[in-house]
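J.: So the chains spell out like this:
4 protein chains.
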Amino acid sequence: MHLRFPSACDIGQHDFAGILDTIHDEVRRRLGEGRQADYIQALAKVPLDGFGMALVLRDGRVFEVGRARHRFTIQSISKVHTLTLALDAVGDALWERVDREPSGDAFNSLIQLEYEKGIPRNPFMNAGALVVADVVLSSCSDARSRLLAFMRARSGNTAVACDEGVARSEADTGHRNLALAHFIKSYGNLHNPVEDVLDFYYHQCALSMDCVDLARSMQYLAGNGHCSVSGEQVVSGELATRINALMMTAGTYDAAGDFAFYVGLPAKSGVGGGIVAVVPHVLSLCVWYPGLDDKGNSLLGRYALHRFSRMTGLSVF
Amino acid sequence: MHLRFPSACDIGQHDFAGILDTIHDEVRRRLGEGRQADYIQALAKVPLDGFGMALVLRDGRVFEVGRARHRFTIQSISKVHTLTLALDAVGDALWERVDREPSGDAFNSLIQLEYEKGIPRNPFMNAGALVVADVVLSSCSDARSRLLAFMRARSGNTAVACDEGVARSEADTGHRNLALAHFIKSYGNLHNPVEDVLDFYYHQCALSMDCVDLARSMQYLAGNGHCSVSGEQVVSGELATRINALMMTAGTYDAAGDFAFYVGLPAKSGVGGGIVAVVPHVLSLCVWYPGLDDKGNSLLGRYALHRFSRMTGLSVF
Amino acid sequence: MHLRFPSACDIGQHDFAGILDTIHDEVRRRLGEGRQADYIQALAKVPLDGFGMALVLRDGRVFEVGRARHRFTIQSISKVHTLTLALDAVGDALWERVDREPSGDAFNSLIQLEYEKGIPRNPFMNAGALVVADVVLSSCSDARSRLLAFMRARSGNTAVACDEGVARSEADTGHRNLALAHFIKSYGNLHNPVEDVLDFYYHQCALSMDCVDLARSMQYLAGNGHCSVSGEQVVSGELATRINALMMTAGTYDAAGDFAFYVGLPAKSGVGGGIVAVVPHVLSLCVWYPGLDDKGNSLLGRYALHRFSRMTGLSVF
Amino acid sequence: MHLRFPSACDIGQHDFAGILDTIHDEVRRRLGEGRQADYIQALAKVPLDGFGMALVLRDGRVFEVGRARHRFTIQSISKVHTLTLALDAVGDALWERVDREPSGDAFNSLIQLEYEKGIPRNPFMNAGALVVADVVLSSCSDARSRLLAFMRARSGNTAVACDEGVARSEADTGHRNLALAHFIKSYGNLHNPVEDVLDFYYHQCALSMDCVDLARSMQYLAGNGHCSVSGEQVVSGELATRINALMMTAGTYDAAGDFAFYVGLPAKSGVGGGIVAVVPHVLSLCVWYPGLDDKGNSLLGRYALHRFSRMTGLSVF
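Going line by line, the protein sequences match chains A, B, C and D.
Residue 564 is where the first sequence starts when you use our numbering, and the numbers rise one by one after that.
Residue 564 is where the second sequence starts when you use our numbering, and the numbers rise one by one after that.
Residue 564 is where the third sequence starts when you use our numbering, and the numbers rise one by one after that.
Residue 564 is where the fourth sequence starts when you use our numbering, and the numbers rise one by one after that.
Hints may contain errors.
One copy or any two copies: either way a pair holds, since identical chains are not told apart in the list.
Pairs of lysine to any residue residues, derived as SDA-like cross-links and limited to a Cα-Cα distance of at most 20 angstroms, are as follows [said to hold, decoys possible]: (1) Lys680 to Arg739; (2) Lys680 to Ala656; (3) Lys858 to Asp726; (4) Lys680 to Ala600; (5) Lys858 to Ile682; (6) Lys680 to Asp622; (7) Lys858 to Asn752; (8) Lys858 to Ala734; (9) Lys608 to Leu648; (10) Lys858 to Gly751; (11) Lys680 to Thr736.
Hints are computed from structural coordinates only; laboratory data are not their basis.
Start from the sequences and build out the full structure, keeping to the hints where you can.
T.: What follows is the structure, encoded as structure tokens:
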């Protein structure tokens, strides 16, 4: 009865290959802009000489340009997948432990937690992701295997694995995350030991995937909960809708307003340089460029998504 | 070549009349819930015994239930219209004086202004709306007439007028707004006298309209900038997209995340009990119920929009 | 029974004249340092070529160096005197409307007010001084005359008067104070019209006095409540003690900790460049130099008090 | 030639024994008021049926009432002693790592740290005390022995020891302190491992002493740096003055303004129910009562100090 969604043939009239080539030409001239995340040693050394982009239609067709097969650590993009696992495990009870509002400010991380008594503002802030990780840990005996299996099923790539070097690198300099975790724990909002929560968190962030993997891994959010890669109904259509909504209002750190304004698609970024985005009912995509802007989002990734949305008119607004 | 948008006949298959009737039945049982805005004397007395809802399709067809023809003061809904006028007047230069990010917290109003040196977080917070009002004032000789003409053209109703009693009532108890305006002025971000800015602001808030008027007044945002009521191209398609994005991330006070999650439509609420919403490319709508929830949004209005979005599947996500 | 206080002859053994000369020699080499308060136009033009200091013993003897007879506007120093008048009028009831704690941070002015629902942290912040001014206004029919008479009696100088030019200059650029006053008013913590409160406040700040006047005006706080100038018991000994305590913890803006640490005397500063200080039971003093440090206190004034306290050993600690 | 300080015979005229008896009579009627610190399990069980007070003159005479020989854990009172050790070790370089201003608000603990990039506001907040502990740890090979030796020398009691049960109890529930320490570490302002800093910190807090011990341990701050117990010059007179100043502006959590106002003496409190205070050049004292007020200070201890200061007139103001 929902006749709003375009049919495959409608979408087929977009020249996605041409659009991606145009974007690739534009960003190529700007390689080198932005800065790598410097607080994780393993990321600070990545050269700024490559860009990749991949797009996956509901019918499975893939369009890609540049280093779309280059693997990088997905970092905060993983928060979408762990949120899905947590909601699958506990349902709406999750919202008693984490809120659904934009965070407002970068500096809010700990400040807001203190005002709000240990309830993170949303599942995509670090604080919220730690609570989500705690829920996943509590819900299964081997959370890391569970997440890895989920990722491999969603991406259709059994080679997806954790980059242990990056995971260790994050753990080594993670005093801020330790502070955050102990602070939440002091409010009783972590049930597992801080060390276990952070261990899982660092491993989810260090999952290594490429643009095609990640674009595919978002298919269930582009497909009303149905994953075209595995053929499974991963979550209900309503839940897919809601996760997309959360990405729109909180998926890109403090730049959610700016992303809605310039891109107009649900998206989730990571400091590894990746950004995934979803055109509900139509397609999912992923861009990668490791130079970040001052909000921590991939600088050319954001630009590429802006151009994509403008050229195709596929903003949700 | 944007083939994504459904044709009129597609949409026609939705039984909007039936859906509105169902919603009306559901909310009727809950009349009395919520609380009137009590800081404006004129609003505190409105009884909680009525609900109205109106929907306007791109082809001009109107569906309505309940007190859809009952007039109320539009309050913060007017911020969408003044933002449109301000962007029309100064374009992107507006963004040097007001930001586009969610505000984060209710208590942030003045706090955030102090941190961010007089630059409001977005044009829909009171602080941001005062800067927008200042821009409109500077851009034309008779701002009140300009706004009134705009509203009458958008709604197709020449009887739209300001409720002077409510405007006076707001001015009488407006020490907080005076504080806000002088505070912004102290940072040099108001160019007109504080009294003039507030006078205009109180009049825009006190515009009296009904659900049908307001749903129609949003047609240009449902129509890629084209107003189906007047036949005018009010703003560019791109600008319409962006205003919708701002409504999504900042249109419902501190509940923007919650609205995106449960409703999934760009929306703007007012403490008079109205909420307007847009299904881009498809329709615009308005609900009214003067009992507010603890975030200041119409309690049954929010519920009605949630139900509408679920029953039609017309969430943007 | 309180034998702790030194007798006049003990104190006489300090070579105050020599100490003041030494200090004068030291500061003379540093004239020009610091910056005038620039937000009040009348103060921004004062040259940084003069320094004055005066000291008044309990027996009435005066020691002075430099421009101790140069008149300047006392600005926030007046808050000590209006606090005295307010406590005289309403006693401990004042503390229901203003607290007695240090403010913590410069940026707290409005922020803290919002957290604490319109109750200023102490009577020496601008917000607190406005509430104090409101209390004084409510307690007598002609508050400005009352304060002027009080100042003339305390200083023994009938020529003390308000510098109307400076008062107007402050009012002209007073959007921040207007914001503050309306904000407090919105919480119901100002009983008089905002305009009246600010008018009184600007006049108290614009009182023009010299170092000898001001040092004398503090005699009642050095004398257990007894003013040696007029021979009157102005307040009880206990109240004098408490006002001194408030100056110690909140008298020098955000530098109260620093002042206690380096100077060790109850003191109150003003952006006109004056600082008064009290050695309880012994003497009162005043320094003036219009170049301020980054906390808004007279740069050489602070230095002179530090040196005075070290050379005499007259820190209260 | 500081003739301000009273001679022993002057002070002898105070009837300290009688004054302490009067205070004891007054507080006895109020036993049971206040609440034990409940976040440390070992403290939560202490009955509210005892009060102790001890006073030590410069000549060594001791006056005491009630349970002045009852041992309790000194908790935050130890921050005075570790500050002394840290200043002894690194001098003014300490002030590059911790500030000297009042903290403003209880909730500021982490918030302020975030604004101020890991520099605690003063050495008596938990955050500041952790930095001080870190400095002490870096300055000697066995910090716990060093502190214990210092405490025994200051109190003249070789039986002073750590209550290991309380230390463990604090460590068990110390997620907030872990958060604080990791947060400071993330700014590079802890040089030793977080575990080592907290281990030392919990042991300093769990030192078990009685009122007489603690009053004696403050003699060096009442004696211009000279400890009358050991006969040693512990710090310079100027440093003693400054530590007293810090106690005045920051020694009693968020109630420093209130303490200055009602007591008027440099003081440091602990959640174990102890409060030490100093009358510079005259005497040191300690009160104990484990029922706390809502700011975390001993309720009857504060009252006893207030009465003492009023009855003797020995406020510094």
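J.: All hints, please: hold or fail.
T.: Consistency of the hints with the structure:
{"no.": "1", "hint": "Lys680 to Arg739", "result": "both (18 angstroms within a copy, 12 angstroms between copies)"}
{"no.": "2", "hint": "Lys680 to Ala656", "result": "within (18 angstroms within a copy, 33 angstroms between copies)"}
{"no.": "3", "hint": "Lys858 to Asp726", "result": "neither (25 angstroms within a copy, 44 angstroms between copies)"}
{"no.": "4", "hint": "Lys680 to Ala600", "result": "between (30 angstroms within a copy, 19 angstroms between copies)"}
{"no.": "5", "hint": "Lys858 to Ile682", "result": "between (23 angstroms within a copy, 18 angstroms between copies)"}
{"no.": "6", "hint": "Lys680 to Asp622", "result": "neither (46 angstroms within a copy, 50 angstroms between copies)"}
{"no.": "7", "hint": "Lys858 to Asn752", "result": "neither (27 angstroms within a copy, 24 angstroms between copies)"}
{"no.": "8", "hint": "Lys858 to Ala734", "result": "neither (22 angstroms within a copy, 37 angstroms between copies)"}
{"no.": "9", "hint": "Lys608 to Leu648", "result": "neither (32 angstroms within a copy, 42 angstroms between copies)"}
{"no.": "10", "hint": "Lys858 to Gly751", "result": "neither (30 angstroms within a copy, 23 angstroms between copies)"}
{"no.": "11", "hint": "Lys680 to Thr736", "result": "between (26 angstroms within a copy, 17 angstroms between copies)"}
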